[in-house]
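Number of protein chains: 2
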Amino acid sequence: MSNGPTTLTLHSMADVWDVYREELEGVEEQIRKNLDSSVALVNTVAAHILNSGGKRVRPLFVLLSAHLCGYAGQDHQALGSLVEFIHTATLLHDDVVDEADLRRGRRTASKVWGNQISILVGDYLYSRAICQIVDFRNQGINEALSEACRKMAEGEVLQLYYNGNPLMPESEYLRIIEHKTAGLIAASCKIGAIVGGATEELQEALFRFGQRLGIAFQLADDTLDYTANGEHLGKTLGQDLRQGKATLPLLHLLQHCSEPDRQLIKDRMETRTLTDEELRRIVGLMQEYGSIAYAMERAHAFVAAAKRDLDLFHDNTAKRALAIAADYMVTRDR
Amino acid sequence: MSNGPTTLTLHSMADVWDVYREELEGVEEQIRKNLDSSVALVNTVAAHILNSGGKRVRPLFVLLSAHLCGYAGQDHQALGSLVEFIHTATLLHDDVVDEADLRRGRRTASKVWGNQISILVGDYLYSRAICQIVDFRNQGINEALSEACRKMAEGEVLQLYYNGNPLMPESEYLRIIEHKTAGLIAASCKIGAIVGGATEELQEALFRFGQRLGIAFQLADDTLDYTANGEHLGKTLGQDLRQGKATLPLLHLLQHCSEPDRQLIKDRMETRTLTDEELRRIVGLMQEYGSIAYAMERAHAFVAAAKRDLDLFHDNTAKRALAIAADYMVTRDR
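Line by line, the protein sequences are chains A and Z.
The first sequence maps to residues 1 to 334 in the numbering used here.
The second sequence maps to residues 1 to 334 in the numbering used here.
What the hints contain is simulated information worked out from the structure, not anything from laboratory work.
Fair warning: there could be bad hints in the mix.
Claimed, not checked - With a straight-line cut-off of 25 Å between C-alpha atoms, the simulated SDA-like cross-links for lysine to any residue are:
#1 Z/Lys-33 / A/Leu-167
#2 Z/Lys-111 / A/Gly-244
#3 Z/Lys-33 / A/Tyr-161
#4 A/Lys-55 / A/Asp-15
#5 A/Lys-111 / Z/Arg-272
What the hints assert, rightly or not - Now the stretches of chain Z that chain A is said to cover, found in silico as 3 or more residues with beta-carbon under 8 Å:
#6 36-43
#7 93-103
#8 149-160
All C-beta atoms in this analysis are idealised placements derived from N, C-alpha and C, irrespective of residue type, glycine included.
Could you build all of it, start to finish, from the sequences and the hints given here?
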């Protein structure tokens, strides 16, 4: 897609995927090209997770942000692929940390090849991405991505620290998701702005846009863990609670439910056991006390604020696509 | 220590530690300063392994290489601390991958805090180091370190790939240790050369020096696993074999011993079980067939070649220290 002077009319996310299909193909091409380790097993394991149907949301934000800032070159596709490599590295480590069986409906790499391979291929993907990022010789990009990686690791440790603790304050929950999820999405948007030659002010606006969107995305994702259609989601429902992970709907419920119900939840967080019937009961309570609605309202508020961050930019196809993508982040099934 | 025109007489590694004590203190200072995560648990876990008595060999090579190239500034201390951060990150992941109980005589972080924390704090230390490295805005340093990290991850995967396989060719063994161990030591030397303003030719000479030294170090370390005084080593002997890991002394023995002995070793590699008596028998065979001597001869040959890489440099204190440190890498207990 060439982002010329014509502003296209986009109505839905399907339109966005359609208009940017060719560019996203370019990202796929780069991803394949980068799977070039001389150690064949590295490529096999990395391909398993990279080809498991991820939506390439982060590369899309790199592309759209670059276009929003008037970029007409090709580097954004390679940069998008590198962001996806980093994201994939974190998924490989997350699956080990969470002892997950399924991701996007497929067995996780850790279940197929074992934890050791998942840890090491994660390390490889991450360091492979850093190698190529530094080849761009762009200080802003180096800083944005390394900072995002640092924040992700901190967010994950913080999450683990609070694991099994039903008394985690909501502010700490927000800090965790800002670190572990929003940081890389914010960096993706900022990198697009940098490569597009945007001023620092506009770079920061797109960074904030991505940060708010990332928080909204994780809020919605955490809520989906209680409400989604399990089969469609490609993983088991109620996983967060089973792993002792308190997310916003649960924190809200814990503040509003009866003492016996609170005890039940605390007990389940501690023992990391949960029957389907208990899960149904808890989801029912979340509906009753408005916990689901509360979490989704917060998500939508972050999306609305994110969209306002785009006010600094002129209207064009990329801006409309970013606004649609922003809504998509909290409405998609996953 | 100021590396002025006077060339000091150094006789032993003790002299080297002594002469560069102040500079190494500067490295420690930087290590402490960099343990500044807002997530307290990150600092606790990182400090556990960073303060467990590591010799700071890699930072020493950064310092000595910088001095060899006439460096008179202070950045080499910070760079040394960042190399140590990266090294520590790999140790945290290695301990999870190897399911190790002890490192340097202390319980591993994975045994104290669990695998999840070790994986994530490893990720943190690595990304924290990258953040600071890019702040130096030096392309050569960025490339040297990211490349070393990529190679380390590849080497670890390759090692895992060959795990339990007694038929691994010696060339693949050398490829593994060149990747997993020598890469970061080579990068340490090169970084010292870069910060010292050396020509590309001299940078490459120090890179090769470090690479050969790194290979020699790992060869000696792998041999120590069969011959060291267990208590002094701070870990259990015969661990490599117990983990199904073939190293050079074992590969040599497998090529020379009798068929029944070969079967015993293959069986032990496969089942990952080994009694103390069997270990004693295997070490005895290694002595008998010259396997220990063979591996150590290779190590010493790499050290000799490494020292010849220093021929391009003028004689000074740092050069003498590097030569002593080179010998130390294959003679120290660990």
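Checklist entry - Which hint numbers does the structure go against, in order from smallest to largest? => result Violated hint (a single one): 1; every other hint is consistent with the structure.
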